[in-house]
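*Asks:* For reference, the chains in residue letters:
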Amino acid sequence: MFSIFVIPFCLGVLALLVISVIKYYNWIKEFDRKQQTLIRKNILTWKFLPAIWEMFRECLLHWRITKHNALLGYMHRSLAFGWFLLIVVGFVQALVAYPNGHQFYVGIFFNYFEPHYPVSHSPALPFIANLMDALLLYVFSGLTLAIVKKFWSKPLGMKRTTRHNLTDRIAKAALWSIFPARLLAEGATSALYGNGGFLVVAMGRLMQAVGLTSTVLEYNLWTFYSLALGVFFTLMPFTRYMHIFTEVFLVYFRQLGLRDSDSKSGYTMFELSACSRCGICIDGCPINRELGVTDIQGVYLLQAIRNKDLRNRAESIANMCMVCGRCSAECPVGIDLEPVRRQVRTEYAKGIDHPEGFQYLKSLHHFNALGRVAYFGGCMSHLTPGITQAMEQIFQAAGQSYWFMDQEGSVCCGRPLLQQGLVRQAQALRDRNKSMLKKSNATMLVTSCPICYQSFTKDYRLDIPVMHHSQYIDMLLKNGKIKVERSDMRVTYHDPCELGRGCGVYDEPRHVVAATATLLPTQEEREKSLCCGFNLGNTSIDSEQQVLIRDAALRNLLEPNPDMIATACPMCKKAMTRANNTPVSDIAEIIANQLIEK
Amino acid sequence: MINFGYKISTPRSIDMDSADSRLYCQLVEAVPSYRYCIGCGGCTATCSAGQFTDFNIRKAHFLFSRRQYDKLASDTFTDTDLNKCMLCGKCSLVCPRGVNTRGLILQMRKLLLK
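As they're listed, the protein sequences go chains A and B.
Using this note's numbering, the first residue of the first sequence is number 1, and each one after it goes up by one.
Using this note's numbering, the first residue of the second sequence is number 1, and each one after it goes up by one.
Below 25 Å or equal to it, Euclidean Cα-Cα: the simulated BS3-like pairs (lysine-lysine) are:
(1) B/K114 <-> A/K308
(2) A/K149 <-> A/K528
(3) A/K264 <-> A/K34
(4) A/K350 <-> B/K110
(5) A/K350 <-> B/K114
(6) A/K154 <-> A/K528
(7) A/K264 <-> A/K308
(8) A/K350 <-> A/K458
(9) A/K41 <-> A/K458
(10) A/K67 <-> A/K150
(11) A/K67 <-> A/K154
(12) A/K149 <-> A/K159
(13) B/K59 <-> B/K71
(14) A/K34 <-> A/K458
(15) B/K71 <-> A/K350
(16) B/K110 <-> A/K264
(17) A/K308 <-> B/K110
(18) A/K308 <-> A/K350
Label pairs and their computed distance ranges (CB to CB):
(19) B/R66 <-> A/K34: 42 to 52 Å
(20) B/R97 <-> A/H365: 32 to 42 Å
(21) B/D79 <-> A/T37: 36 to 46 Å
(22) B/P32 <-> A/A579: 17 to 27 Å
(23) A/K34 <-> B/E29: 36 to 46 Å
(24) B/D79 <-> A/L14: 58 to 68 Å
(25) A/K29 <-> B/R66: 49 to 59 Å
(26) A/L61 <-> B/R22: 51 to 61 Å
(27) A/W46 <-> B/D79: 50 to 60 Å
(28) A/G351 <-> B/I2: 51 to 61 Å
(29) A/R306 <-> B/S9: 52 to 62 Å
(30) A/L71 <-> B/G98: 38 to 48 Å
(31) A/Y348 <-> B/G98: 21 to 31 Å
(32) A/T37 <-> B/P32: 42 to 52 Å
No wet-lab data here; the hints were simulated from the structure.
The C-beta atom is built at its ideal place from N, Cα and C for all residues, glycine as well.
Given only the sequences and the hints, what does the whole structure look like? Please build it.
*Replies:* Have a look at this one:
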């Protein structure tokens, strides 16, 4: 079975295969040593099982998008899962019709070949034909939504959509024409021979009614269908549609335990291409929402790195970010955008990254804190002494001996430097703090600053437990080490970016607040919480812009009309205290005020 | 001659017409809030690095405004005091004028490096 019109399709498939294999081979070669070790260690383990489940759930069913917006999820699912089933059932159909073997393209162009060379007259064939038409209808429903979204995206839960480049738009036109072309071609065949399922037969009758019955038209329509497929497949590796296959690989590598490293690696290359440029990262971004800057979000960052023509813009895009993590929390592909952004910052900060500047820290003396808890207030807590005083009160009330590590002369945890890509300088500070902690023999580290907490838990690899003070106070309350009086205050809680999305600590601070006051829910909280605007991640905006972002967060917190705003971050507290009449307190201060002395 | 303890000090005025303003202009363009500074020194008082060293943002601001870049860093950029900054951000929170101090320090480093 052969006809000349299948050639564009076959060439497209060949191009797609060859280019994809070359690309994937090169990226896998670029894995760094740590990533290679992880692959070798985990490739023969059961980890492929959750990977397959996640591939099915995310690449085909688009579960995370559905959670974001049900209609948007339906759109992606009908296109991805619908098309996938169309291909699979198409091959089954060809297998049933020609049990003695057939060319691989017969499943794609089945209706064209079927009236010419019927071999098997299996009773399953009419059923499969109707199933195929139902699937095509399913895909059409998604396609209709996609067209609606192009002009009116709000019903699909997106205020703003991605601006695509030319190749992406050509590929999209090819993709969108594949399915109508298929229906028209099948309809033309049906108009001549009466084959096909319910949809195709209806299309065929319609074409008969308007007199479109000719073999020339039929042939041309099939050629157009084949061309649309061929163009789409050839363009796929160079456009956003590369995400279709790349996401499958990314899911697998992530399940094997691979993560981004300090510099661009093979894993990053997979992440870059796994981005479908859906633009979900744009709406949540505070820089878009409050400052109206719409060209720096994750989708454009990845595009700027991938597209080397935009090299000069990559630095300014990478720097213009609060590092609040809202985009990564919403990314349906699960791309960790913070390390990718940091890689670009690191590249551009190489010249100014001089750890020699920190020679002066060598003169710090060590302290023996054997058996004590080390308390690290963090730089910001020194600007909000209420928090450190409250913590000291709580330590005393719990009868816990402690060592206030940075009471005099605080050394930064290193994360602010790391966020700006100054990797070596950050390492110098970490080494310093780490050796001080080690020599002190402290049993545990408690910190009041979520930035420090994230740094200590993720970058330090300490051999003692690390707790944020919200977790520590929650533990003390649960153990009955401290007791608090209830008040009739109504409180809203602000999730600090670094503590919530950064470290996944959402419940403990809420337990602490609920132990003494009534906690009111807010519109955007937990994973969707808003940045206070003063996050250290961004060095390119001025305070006028920071204030705009902060005011948006405050509006959200003040909406339920609370008596007090609670937070668990000295910087968020400092940022919000200045702006409103409602008192802002750290959870440690709230607890210290309500302590019942034993 | 009798030594009365007086000496003639060298003049410290800068001839702005002959000074090289290129770096200064680039800095102001990158960090517009540079110009809001009133030199109160709050940043320097709270500075984490300032507790251990003589690193001084106000001084860096002053020298940059006077185009005395050579006093901030010699030819080997590594010796500049700006490298002592831990970027912790306390200065930007205490600044009464809302100067983007961290952006300022990073930009100064980048400009002095060139």
